[in-house]
Amino acid sequence: MRSSKRLSWIGSALALITLAACTAAPEDGDQESTAAAQTAGAKTVARGLAFPSHLIATRGGFLWTESRVRPTEPGQAFTFASRVVTLASSSSSPTTVEELATEIEDILVDGDDVFVVQAGKIEKTTLAGLAGGDARTKIYDDRAHFDPTAQPVQGMPDGVASAVVSGGRVYMLRTTGELVSVAADGRDYTLHARGEGAAFGLVVKDGIAAFTTGRMGNTMSRQVSRLDVRRPGAPIEVVAEESYAYEWRGAALVLDGDDVVYGTRTGVKRFSLASGTASAIVTGFSSVRNARFDGDTLLVLGKKGDSEGLFSVPRSAVGENAPVRQVMPLADGGILHALPDGVYVTTNGVRMADARAGTIAEYLGTILRLDRSALR
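Just so you know, we're using numbering that gives the first Met the number 0 here: the sequence shown kicks off at 0 and counts up by one.
These are computed hints drawn from the structure, not numbers from a lab.
Note that the Cβ used here is the ideal one computed from N, Cα and C, for glycine as well.
Do not rely on the hints blindly, as some may be mistaken.
Here are the in silico distance ranges between beta carbons for each label pair [said to hold, decoys possible]:
1. R371 - A143: 15 to 23 Å
2. P313 - S271: 45 to 53 Å
3. G60 - R375: 21 to 29 Å
Under the rule of at most 30 Å between Cα atoms (straight-line distance), these lysine-lysine pairs were calculated in the DSBU-like manner [claimed, not checked]:
4. K204 - K137
5. K42 - K204
6. K123 - K137
7. K137 - K120
Given the sequences, and given the hints that come with them, work out the whole structure.
What follows is the structure, encoded as structure tokens:
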């Protein structure tokens with residue numbers, strides 16, 4: 000998951016829990032997002048979106064993906080369809096450039112190359128090609144290496160959960176714990192390790208991978224591990240074991256220099272990729288949805304006491320007693336995206352037509368842009 004990150008399939012599945020409980024009228028959702036934006040001096044870039052994610056800056060603006068619940072028969076599992084949307088800097092009207100019958104797990108950018116990650120495959124294109132809806136080249140087919148009829152682990156569909164590009168290779172963490180990679184052109188498939196349990200969250204730098212595996216339930220337990228992918232047969236080293244609430248976005252691993260940052264049930268931790276030493280950098284939260292450093296500021300989407308929203312902490316002051324400032328109240332914040340012109344926050348929300356059947360009358364997601372000066 001990129002700042003991700005990035006909806007993984009887990010994000011989509013857990014989003015349904017939010018869907019079933021969300022009955023706000025569309026006017027209420029719009030008013031809340033607008034009020035939140037005004038509080039932080041932010042701008043509402045787009046509204047009425049279906050779980051927006053994967054924001055990427057382009058030369059003429061930026062693009063993102065959306066995930067919509069597909070109609071299903073009663074008793075059947077929910078599935079998602081995706082679309083790629085662009086918005087020019089000079090326009091206020093987004094344009095859908097592609098629609099897919101399956102969900103996009105992530106979009107990876109490496110120089111001029113762009114990799115579109117889906118559960119069963121990864122396709123390669125360029126940024127211009129993605130924005131233009133051009134045909135893509137498949138570089139990885141999960142069915143060529145794993146049994147497509149395998150039983151799901153803990154109810155998870157079999158396939159790619161998270162992917163990253165590093166050192167000219169595309170690394171993939173599968174939902175069932177396998178860490179694999181291929182060259183950027185699809186050659187040289189390598190199985191690096193077999194983890195255990197539900198897998199999500201992956202970063203790789205300088206030949207060292209960090210990833211998470213866990214078990215799902217009313218609460219989730221998780222192992223954060225590291226692996227030297229340069230050494231065939233290298234053992235998986237468990238860096239930390241966490242128990243935290245059902246907040247899938249907090250499980251995202253985010254690179255910060257040579258450190259990895261991730262959310263826990265009560266705050267934010269980081270560890271060194273080189274040494275594997277973990278430490279708390281913020282505590283006192285009751286949940287963390289997403290966390291990342293942006294320059295000299297740690298940004299946290301979560302809940303602290305009775306306050307919920309976006310919080311900031313100076314990098315120079317991080318620690319167990321770090322001063323935490325609420326930047327913006329927000330009850331439905333999704334993912335933080337750091338782009339060149341500002342920090343973007345996606346929000347989620349729907350108005351249900353039939354919660355039992357999962358029928359959605361209207362999507363209420365938004366994209367907010369915050370000026371960095373308001374975050375310091």
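Next on the checklist: Hint check: K204 vs K137, CA-CA at most 30 Å. Holds or violated?
Outcome noted: Judged against 30 Å, a Cα distance of about 24 Å means the pair holds.
Checklist entry - Is it true that the C-beta distance of G60 to R375 lies inside 21 to 29 Å, as the hint says? => result With a Cβ separation near 26 Å, G60 and R375 satisfy 21 to 29 Å, so the hint holds.
Checklist entry - Are the Cα positions of K42 and K204 separated by 30 Å at most? => result Measuring from Cα to Cα gives roughly 34 Å; hence the hint is violated.
Checklist entry - Taking the beta carbons of P313 and S271, is their distance inside 45 to 53 Å? => result 21 Å, violated
Item to check | Pair hint K123 and K137, alpha-carbon separation not exceeding 30 Å | outcome: 6 Å, holds
Next on the checklist: Holds or violated: K137 and K120, Cα atoms, limit 30 Å.
Outcome noted: 7 Å, holds
Checklist entry - Range hint 15 to 23 Å: satisfied by the CB atoms of R371 and A143? => result Roughly 44 Å apart at Cβ, these two residues miss the hinted range, so it is violated.
In summary, the numbered hints that this structure violates are 1, 2 and 5.
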